[in-house]
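Those protein sequences? They're chains A and B, same order as listed.
The working numbering applies: residue 1 is where the first sequence begins, and numbers increase by one.
The working numbering applies: residue 221 is where the second sequence begins, and numbers increase by one.
The hints are simulated quantities; they were obtained by calculation from the structure and are not laboratory data.
Just so we're clear, the structure is a prediction, and the values are computed from it rather than from any experiment.
It cannot be assumed that every hint is accurate.
Okay, derived cross-link-like pairs now, DMTMM-like style, lysine to aspartate or glutamate, Cα gap no bigger than 20 Å in a straight line [what the hints assert, rightly or not]:
| # | chain 1 | residue 1 | chain 2 | residue 2 |
| --- | --- | --- | --- | --- |
| 1 | A | K149 | B | D281 |
| 2 | A | K30 | A | E214 |
| 3 | B | K250 | B | E301 |
| 4 | B | K250 | B | E263 |
| 5 | A | K149 | A | E136 |
| 6 | B | K250 | B | D391 |
| 7 | A | K30 | A | E81 |
| 8 | A | K30 | A | D61 |
| 9 | A | K149 | B | D300 |
| 10 | B | K369 | A | D61 |
| 11 | A | K30 | A | E43 |
| 12 | B | K369 | A | D80 |
| 13 | A | K30 | A | D171 |
| 14 | A | K149 | B | E301 |
| 15 | A | K30 | A | E162 |
| 16 | B | K250 | B | E382 |
| 17 | B | K369 | B | D281 |
| 18 | A | K149 | B | E382 |
| 19 | B | K369 | A | E81 |
| 20 | B | K250 | B | D390 |
| 21 | B | K250 | B | E434 |
| 22 | B | K369 | A | E162 |
Protein chains: 2
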Amino acid sequence: MPANFPEMSATAEVEAYNHVQRALRLGRYKPGDRLIPEEIAAEIGMSRMPVREAFRRLASDGLVVLRPNRGCVVAGLTVDELFEIFEIRSVLEGLAVRLAMPRIDEEEFEELDRLLERMERAGQSGGGDWVVRHQEFHGRICALSQRPKLIHQISALHVVIEPYMRIWFDDCNKPLSAREEHAAVIAALRSGDAHHAEQVMQEHVLGTAPLLAEFVSPSR
Amino acid sequence: MPANFPEMSATAEVEAYNHVQRALRLGRYKPGDRLIPEEIAAEIGMSRMPVREAFRRLASDGLVVLRPNRGCVVAGLTVDELFEIFEIRSVLEGLAVRLAMPRIDEEEFEELDRLLERMERAGQSGGGDWVVRHQEFHGRICALSQRPKLIHQISALHVVIEPYMRIWFDDCNKPLSAREEHAAVIAALRSGDAHHAEQVMQEHVLGTAPLLAEFVSPSR
DNA sequence: AAAAGTATTTTTGTATCCACGTATCATCAA
DNA sequence: TTGATGATACGTGGATACAAAAATACTTTT
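Make the full structure from the sequences, and use the hints.
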């Protein structure tokens, strides 16, 4: 008999949550689309109850909107909301960098360089997933902060903006300044000045918003 | 026939969510307590299903922990987690103050003074709810930032720490430096220096954590 | 043909039901 | 006495059933 992996047999609710979240991140559903529990339940072979429960969490994450008696629709971000999320990310990720600073050793710097390199490669050969690589870089720094709740909040925001990042990358197809700015973050971390590194990260995050917004609501 | 107020007849899930959240904020349930859907459902006259759904959102808020096949228990914060939340609050509320600055007029300053006064009165005559007044002060400044998502995140954190704030206030019974620090925040806002005001708020929030922690895990 | 009303279908919200997992506690062996 | 074993009660996860609300299609009327 094969070994029993308890994480394999997650509850149906978890399965439904992951399934829908993944589809939303990949942009398979578009803002305004109506999600019908029955359909999704059928897709993954369960009843609609666990799907309904998953919807509650997705709504709490801000990924969908639930209105009484009229179901679940995919949430869309206005340009203002997009800016707001980047504003929040800027201070949270700034904090993460500040906290990460004293925990970074030379080995870790090499890992960050590697991640930077991987992102660049993914950006050039459109095949690799640039958006995921980009997130991995940010995620690695957050992880270094050693703050579970902070990490969780930041990654929740990354999920919300992921579909927009994908549209952005698909359209403009060049990570533009991302490589330089990430390199600047690493440099700031190497400098040992925590306050400065926080500042650089804040500016990197905030600086991305207007570029991204241009693709969400073109030429305003 | 009376007018129909649609917000009065919310769904059962909303009712369950509010009911349990309120109980948690007031400290009626203690960390580690097991919440049995059947019991709660009976209390407010509904079946288990809406309660189960409410649990998902409460778990997403970090108020309870849901583990497969072993139900719902009230989440407790370790001292580390408490500090982490105050760290996050410090940058979020710092951001809120920075954004609020350009939107405050003289009338608003008077309102803040009034809220400060009300908090002080509630602190002296133990009757009024000091914790709520304290939150109202912070909430007002957040509201001035005009950032719905920021406001939402901050208030979610306030809910999580509310039970600990209550224990703190009940035990030490003096808001201590709160009045002075809030006054300092107002003063910083009046100064017109956004960066300085952000700094003052960050320090106020961070400074509260160690005092509070002392009551959560006494004399460590 | 447009508007209004009505019937029909779909979907949501909630309750109930059942199978399985977990905890509790008594029993028994060492 | 202690530790394993098994029976029992309880709770959880999920499916199904049913009522109420919305959305949709279909008349009817003008």
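Open item on the list: Would the hint linking A:K30 and A:E81 be met if the CA-CA limit is 20 Å?
Closed with: Measuring from Cα to Cα gives roughly 17 Å; hence the hint holds.
Open item on the list: B:K250 and B:E263 were given as a pair; does the straight-line alpha-carbon distance stay at or below 20 Å?
Closed with: holds (18 Å)
Open item on the list: Need the status of pair A:K149, B:E301: alpha-carbon distance at most 20 Å?
Closed with: holds (8 Å)
TODO: Would you mind confirming whether the straight-line C-alpha gap from A:K149 to B:E382 stays at or under 20 Å?
DONE: holds (17 Å)
TODO: Take a quick look at whether B:K369 and B:D281 sit within 20 Å of each other, Cα to Cα.
DONE: holds (14 Å)
Open item on the list: Checking one constraint from the list: CA of B:K369 to CA of A:D61, max 20 Å. Satisfied?
Closed with: Given pair B:K369, A:D61 holds - Cα atoms ~11 Å apart, limit 20 Å.
Task: B:K369 paired with A:E81 [C-alpha distance capped at 20 Å] - done: holds (8 Å)
Task: Pairwise hint evaluation, A:E162 against B:K369, where the allowed Cα distance is 20 Å at most - done: Holds - the C-alpha atoms of A:E162 and B:K369 are around 17 Å apart, at most 20 Å.
- [ ] Take the C-alpha atoms of A:K30 and A:D171, compute the straight-line distance between them, and say whether it is at most 20 Å.
- [x] holds (17 Å)
Task: Given hint A:D61 paired with A:K30 - CA-CA distance at most 20 Å - done: holds (16 Å)
- [ ] Starting from A:K30, check that the Cα of A:E214 is at most 20 Å away, please.
- [x] Given pair A:K30, A:E214 holds - Cα atoms ~18 Å apart, limit 20 Å.
- [ ] Compare the distance between the alpha carbons of B:K250 and B:E301 with 20 Å, and conclude whether the hinted pair is satisfied.
- [x] Given pair B:K250, B:E301 holds - Cα atoms ~17 Å apart, limit 20 Å.
Violated hints for the displayed structure: none, as all numbered hints are satisfied.
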